[in-house]
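These protein sequence lines are chains A and B, in that order. Using the numbering used here, you'd call the opening residue of the first sequence number 629 and step up by one each time. Using the numbering used here, you'd call the opening residue of the second sequence number 629 and step up by one each time.
Hints in this document: simulated from the structure, not taken from any laboratory. Among the hints, a few may not be true.
No distinction is drawn between identical chains; accordingly, a pair holds when it is met within one copy or between any pair of copies.
Straight-line C-alpha distance at most 25 angstroms; calculated DMTMM-like pairs for lysine to aspartate or glutamate [stated by the list, open to error]:
#1 Lys651 / Asp818
#2 Lys935 / Asp669
#3 Lys798 / Asp671
#4 Lys798 / Asp818
#5 Lys798 / Asp782
#6 Lys759 / Glu958
#7 Lys934 / Glu958
#8 Lys884 / Asp981
#9 Lys1007 / Glu760
Protein chains: 2
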Amino acid sequence: MNILILGGDGYLGWPTAMHLSGKGHEITVVDNYLRRRMCRDEDVEPLFDVPNLFERTRIWKAISGNEVKVMIGDLMDWSFVAEVFEATKPDAIVHYAEQPSAPYSMLSRRAATMTIQNNLLVTANIVFAVKEFCSKSQIVKIGTMGEYGTPNIDIEEGWLEVAHQNRREKFLYPRQAGSLYHTTKIMDTDLLWFYVRMWDLAVTDLMQGPVYGLFTDENNDHRLLPFFNYDELFGTVLNRFVVQAVAGYPLTVYGKGGQTRGYLNIRDTLNCVRLSLEKPAEPGQLRIFNQFTETFTVNELAERVKKAAGALGLKVTIRSVENPRKEAEEHYYNPRHTGLLELGLKPNYLTDDVLTRMLEFVMAHKDGIKTHQIYKKVKWD
Amino acid sequence: MNILILGGDGYLGWPTAMHLSGKGHEITVVDNYLRRRMCRDEDVEPLFDVPNLFERTRIWKAISGNEVKVMIGDLMDWSFVAEVFEATKPDAIVHYAEQPSAPYSMLSRRAATMTIQNNLLVTANIVFAVKEFCSKSQIVKIGTMGEYGTPNIDIEEGWLEVAHQNRREKFLYPRQAGSLYHTTKIMDTDLLWFYVRMWDLAVTDLMQGPVYGLFTDENNDHRLLPFFNYDELFGTVLNRFVVQAVAGYPLTVYGKGGQTRGYLNIRDTLNCVRLSLEKPAEPGQLRIFNQFTETFTVNELAERVKKAAGALGLKVTIRSVENPRKEAEEHYYNPRHTGLLELGLKPNYLTDDVLTRMLEFVMAHKDGIKTHQIYKKVKWD
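Put together the whole structure using the sequences plus the hints.
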């Protein structure tokens, strides 16, 4: 398959590119290094440097023999989008090209505006480009479980059959998110659903939970590792806790710590995206999967990291801090997630081994940790 | 009350400005003449010319003695937004400042992108400006009944209590719109709802049906009339049918003509906005009203116009044309609309008198009708 990976430089984009390239697909990665610039601008650099995309693809070719094409530019700019689609005529588009951070989107008016503009206009440009250049190709979009928020009823996979006054209707599951970033993902889904109905696009929307980890089958050479952020803006909670444990920085639990989310290993992200591509949505179908493998409270994650770190001789404390967010700290949470298992996903669960390997890697990079990055107190109000 | 009317030059904006000014409120109208430019660019000018905003306010002052302030600029530009809010410190903001046409939003990629960008970024700027300059003031936003689409269950006023697997949750009513424009209004509502929860904004979202008419208590002087568009892009269906009847142009019904919507007289728009302002939403409340007074199918509207025109000696034919839109032509439609009645709305229904007065006015302007504007066949695919 000829696959475009938009946002191919990111934490998930680059590992996905190698994974699909390794499976024999023809890959083009597209990025404008937005994530790198945001990290530099906000002084929250990743734990270790990673080479630029051209260098990454050279290293990957030397190791795997597979060529990955690189196109650098801004997907908000239609002239660039048209160039990319005209040059590649892809069978499939994997769309990671969004501002991905909830706390970043709450930093300032400018950050919020950029998030709305980038996420909506890039998604719209992809829709228009598919219509114009490759109307039969499928789109795999990374959504987020955060679109659902924490409703008091079970979370279904994307759709909800509602009975009301003796009549029935099936709707997109009503979503209500906890950050502006997550709200833009709701809007993305609505935008895609509109054009799926109008133009018979084939779209898979993967409602993903927080991802952890950095090792995949394709990055034994450490130069091929993804960004590893451990800050409040771009570091997902488990990755951050692992670094905090190594740094001797108390694990910061927001408020009561009962916030429950569905998590997954980065390896499973790659598998979910690949499985979705291999069994595509139909034309005129918006197919939604809830993409996570197990749920944890923040307290449980902290305890798991503390235990695994303790076995390595690290002394870890857990500290509850005032919650800078506006969110339920204890709530009902029962999301379905059978769709990807039915497609063939074999989950990589969060075992002590997984944690130990992450901890050992971070211990070897301990000198690179800048503790001032960890907790920036980005407030939701 | 010190009230900002954003989009104060528009079909509804200017009549609202005079209405509220006449009731003793202090009014500032803000506009960038986007609607005028779009009409010129697309060659769909209104039936008669209207003076610019400065001239309109001079005429209004000469007649009523009331001053209305004018600020011209683009509300996507934060520096202008900040200037407006700093200068006015409004108690209330009436937000009409959006690209308001469904067919326009389906014209081209550029039109779609502009609609997304304008509608979302202006709404976001209003939220940020309220937070920064006047956090206690209320926002009255014009939404659209089109956000709901045509679901197979009753349409409630904004919210839906869902029972699912023996648990309950109240959601924003799930919405699924029929055009990109309407989809951006869904996004607007989601954006406002997010910041209402985060920042305790007080917001009323008026889900309005198609408006008809042009006469209000404040515009007996015809220089104060609103734009009157009769084209497929900016003319709402009843206004368009009235002009078609006068021009001897068959009334164009899309497909079967069973499309049902909730309609209202322009006088009622003004009353609904005023009633909402006078009894504002609470801080932290997103209050949603369905703003229409009666429902009609397109076939019924065509018959009503034909009958009233016939009584004036006009010979009118009704012609079904291939539906350029992708929409249900026969469907269930039962939307509630009690909230505004409870606030005190006294509806102006679509009587033969109302139609006759509109027809007579248009007959007097018959020379200005350009029939090539009426049906442009903007296709949804």
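Checklist entry - Failing hints, ascending? => result Those not satisfied are hints 1, 2, 3, 6, 8.
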